[in-house]
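Trainee: If you want the building blocks of each chain, they are given just below.
Protein chains: 4
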Amino acid sequence: MATGDDQKLVGLPPNRIEALADGVFAVAMTVLVLEIHVPQLPEGAAPEALSKALLALGPKIASYAVGFILLGTLWVGHHYQFAYIRRTDRGLLWINLFFLLAVAFLPFCVGLLGSYGTLALPCILYGCVLLFAGACLLGQWIYATSDHRLVSASLDEAIVRALRDRVAVGMVGYGAALATAFVSPIASLVLYAGMPLLYLLPGRIDRHVKPRRQP
Amino acid sequence: MATGDDQKLVGLPPNRIEALADGVFAVAMTVLVLEIHVPQLPEGAAPEALSKALLALGPKIASYAVGFILLGTLWVGHHYQFAYIRRTDRGLLWINLFFLLAVAFLPFCVGLLGSYGTLALPCILYGCVLLFAGACLLGQWIYATSDHRLVSASLDEAIVRALRDRVAVGMVGYGAALATAFVSPIASLVLYAGMPLLYLLPGRIDRHVKPRRQP
Amino acid sequence: MATGDDQKLVGLPPNRIEALADGVFAVAMTVLVLEIHVPQLPEGAAPEALSKALLALGPKIASYAVGFILLGTLWVGHHYQFAYIRRTDRGLLWINLFFLLAVAFLPFCVGLLGSYGTLALPCILYGCVLLFAGACLLGQWIYATSDHRLVSASLDEAIVRALRDRVAVGMVGYGAALATAFVSPIASLVLYAGMPLLYLLPGRIDRHVKPRRQP
Amino acid sequence: MATGDDQKLVGLPPNRIEALADGVFAVAMTVLVLEIHVPQLPEGAAPEALSKALLALGPKIASYAVGFILLGTLWVGHHYQFAYIRRTDRGLLWINLFFLLAVAFLPFCVGLLGSYGTLALPCILYGCVLLFAGACLLGQWIYATSDHRLVSASLDEAIVRALRDRVAVGMVGYGAALATAFVSPIASLVLYAGMPLLYLLPGRIDRHVKPRRQP
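Protein chains in written order, with the working numbering: chain P, 1 to 215; chain X, 216 to 430; chain Y, 431 to 645; chain C, 646 to 860.
Chain P extracted, bound-state conformation (with noise of 0.2 Å):
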């Protein structure tokens, strides 16, 4: 990564952006856990207490696996990118914040549309925070491989497409959503509920990440 002089870094190495995107990401997935605490029942209350207090959960556990699974898709796009990306600077590492700061905020959105999901403002804000995080995303992708600025010279231009592709159909079908939820936030949600499943099949660009054998 550097000279052999050290009096240039030729970019920065990416390692520590990778570390911080992968602890904000554990917390991130972590933190709707917290919200979900154990029913304080009072003593002798019968068994049926519990399955109807645990049944009163139910919409906080479903909301924490909703964001943990949608989280898990920015998070191997973001893996997806960085497997390319050869070297950082200052400019990444501040698409990349932004980027991180959306992800940090997504808990609170999936949060607010299992309260209130049949109302249009939840479904609005959602779509907004997720189409800023696929802009950064997207952003992120079109800075490193203009020119080819932070990736290797030698990186093939349908890998490039591929990548980009991947994130601006997310945004399509998200800002699809997004629109939806004008008209109709019940159909909004489906969308929305759909898109990570998409996200969760191979695309175009496993074909170039194929694990191969090894002798």
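In case anyone wonders, no lab produced these hints; they're calculated from the structure. Any given hint could turn out to be false.
To be verified - Simulated restraints on C-beta separations:
#: 1; chain 1: Y; residue 1: P472; chain 2: C; residue 2: S696; range: 50 to 60 Å
#: 2; chain 1: X; residue 1: G354; chain 2: C; residue 2: A694; range: 54 to 64 Å
#: 3; chain 1: Y; residue 1: H467; chain 2: P; residue 2: A46; range: 23 to 33 Å
#: 4; chain 1: P; residue 1: M171; chain 2: Y; residue 2: L485; range: 23 to 33 Å
#: 5; chain 1: C; residue 1: P687; chain 2: Y; residue 2: L485; range: 42 to 52 Å
Said to hold, decoys possible - A few chain X residues that don't get close to chain C, going by computed Cβ distances all over 12 Å:
#: 6; residue: Q255
#: 7; residue: D304
#: 8; residue: C343
#: 9; residue: D362
#: 10; residue: R364
#: 11; residue: V387
#: 12; residue: T395
#: 13; residue: S399
#: 14; residue: V405
What the hints assert, rightly or not - Just some of the chain C residues that point at chain X, by a computed CB distance under 8 Å:
#: 15; residue: A664
#: 16; residue: V676
#: 17; residue: L845
The beta-carbon is built from N, C-alpha and C at its ideal position, and this holds for glycine as well.
Based on the hints, put chains X, Y and C in the right spot on chain P.
Mentor: Okay, now just chains X, Y and C, sitting in the frame of chain P:
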């Protein structure tokens, strides 16, 4: 990890998913500490009042210790598998994310067990989450090793079996405890408590991971 | 990092303190999110009630964003220094720990500013903590570079000065804002708000950390 | 770390347990900040009310700083040992996990001391947890170095002794403070407060970890 021409990655390097897992485990392990608050006594209270207040915190402190050790057994299992996993792909990342989803939820289940361990429902929930985590760990190992997809082609079959069996035995034990919960929650609790001790002991796999004297 | 015979370490490797710092920054950055709770409205409340409740969360959300970006500037500064620091010793570890002590305390100061920014006291406290953090960062750089103690012997003096001046300029700015707080807290707030923007811009040091096209 | 044929690992690499430890320390260090809440004053309250409310937070802020520095001494001790530990095994992982169990519990003990430091019980609890943590650290070092199990075979005996004695001296100090608690909690507090300062000073081990000028 990458071929010389950088055009194709031979799978993603495993360091990012290891870092995310270590972060989620670290947060999950310390989450239960946040439930233990310094008692607020009226000024001039007798020292006996503090002893009593600390004793009342006993179940929360025990929950914390039990949850920490339980997470420790899962973390050690994850660590042993990744000592052999050489690269990752989308499939492995998502198996891991579902594993971490269960991991971060376990402290809540332990807390529930600490408060209502004599009822069947918490014992059943605890068993289900543990079986889900175990299934992810087992599935990850089978996915990574089947046809040597993500491990070295020269990896000994004895190691593959030893790590697979270690998870499978745990699942049988936790499954038995879960089944027992329908008959006697107390007996189920005893079984659950005994399982982590099993993982403190060295097993067949440790013969393969033997530190040798080095010059 | 270690000599061949392993008898003497030539300083400790910097990766552990970097990892601890990344962890503390990640937690501190997300701590303020925990203060933002999903509003609890009575069932059947009008949508307007939710808009109002979310608006009331505005200051906390702004605090979160401001705190995140502020911590970002400090993290970037720390990152730039460690791009050149080759090894650590007890002195550097403790300067870092005191730096992190201030870092983790900053979200509280930002929150205080968000609630009582028109009073002098929060502006003064904020300035003091920032000056302390800046002094640690400056002290760390001077400690590491004086007589090339912990950096490469061939490290360019221009880089040493550029990184030193960048921190020093920040301290002068924050010191001025602190002094202003005694006269006009509002003017002080404006100065504080402007400083992080300064760190978003590239500086002299970035000419030395220029990613070059690579084959 | 691995032999060429990958059939046998010569112990597990230490990077995972280091990462987990750094994560637990980072969370534990920032946990006490979560106890410091921005005071909620009625609108239009006099500035003096804020000064008073902040002064009332003094003990919590002091607890935070003391806990952070205490954890710092333990982290530095852990870091020094792992600078020499080359590989790990199940035994070392579990000694570490029990060490981290105590580490994450220490902020609670410090908080208790801050609120009820004039009573014997908090001083006794604090001493017990510290002795337990010290015993883990000492046990880890003896386990790793005895017969050079997990360190380089050429590791100097003087280093083994220097690191062992540094932990042992701390345990004697904390043990003395614990014993004093039964007679005079105030004297015990003074002893506890002085101990971390001891670890800020360089010791015999630092002669072995001396950064040398490098070309």
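Trainee: Could you check if V676 (chain C) really has its C-beta closer than 8 Å to a C-beta on chain X?
Mentor: Since the shortest Cβ distance to chain X is 6 Å, the answer is holds.
Trainee: Report holds if the minimum CB distance from C343 (chain X) to chain C is greater than 12 Å, and violated otherwise.
Mentor: holds (25 Å)
Trainee: Note whether the CB distance of H467 (chain Y) and A46 (chain P) lies within 23 to 33 Å or breaks it.
Mentor: holds (31 Å)
Trainee: Go ahead and decide if the range 54 to 64 Å is satisfied by the Cβ distance of G354 (chain X) to A694 (chain C).
Mentor: holds (58 Å)
Trainee: Does the claim that V387 (chain X) lies outside the interface with chain C hold up, using a Cβ gap greater than 12 Å?
Mentor: holds (21 Å)
Trainee: Given the range 23 to 33 Å, decide if the beta-carbon distance of M171 (chain P) to L485 (chain Y) lies inside it.
Mentor: holds (27 Å)
Trainee: Could you let me know if the closest chain C CB is still more than 12 Å away from the CB of S399 (chain X)?
Mentor: The claim stands: S399 (chain X) keeps its Cβ more than 12 Å from every Cβ of chain C (closest is about 30 Å).
Trainee: Under 8 Å, Cβ to Cβ, is where A664 (chain C) needs to be relative to chain X, so tell me if that hint holds or is violated.
Mentor: holds (4 Å)
Trainee: Return holds or violated for the Cβ distance of P472 (chain Y) and S696 (chain C) against the range 50 to 60 Å.
Mentor: Given about 37 Å between the Cβ atoms, the range is violated.
Trainee: Using 8 Å as the Cβ threshold, decide whether L845 (chain C) counts as touching chain X.
Mentor: Violated, about 25 Å.
Trainee: Does the claim that V405 (chain X) lies outside the interface with chain C hold up, using a Cβ gap greater than 12 Å?
Mentor: holds (22 Å)
Trainee: R364 (chain X): least C-beta distance to chain C exceeds 12 Å?
Mentor: Non-interface label stands for R364 (chain X): nearest chain C Cβ at 16 Å, farther than 12 Å.
Violated hints, listed in ascending order, are 1, 5, 6, 17; each of the other numbered hints is respected by the structure.
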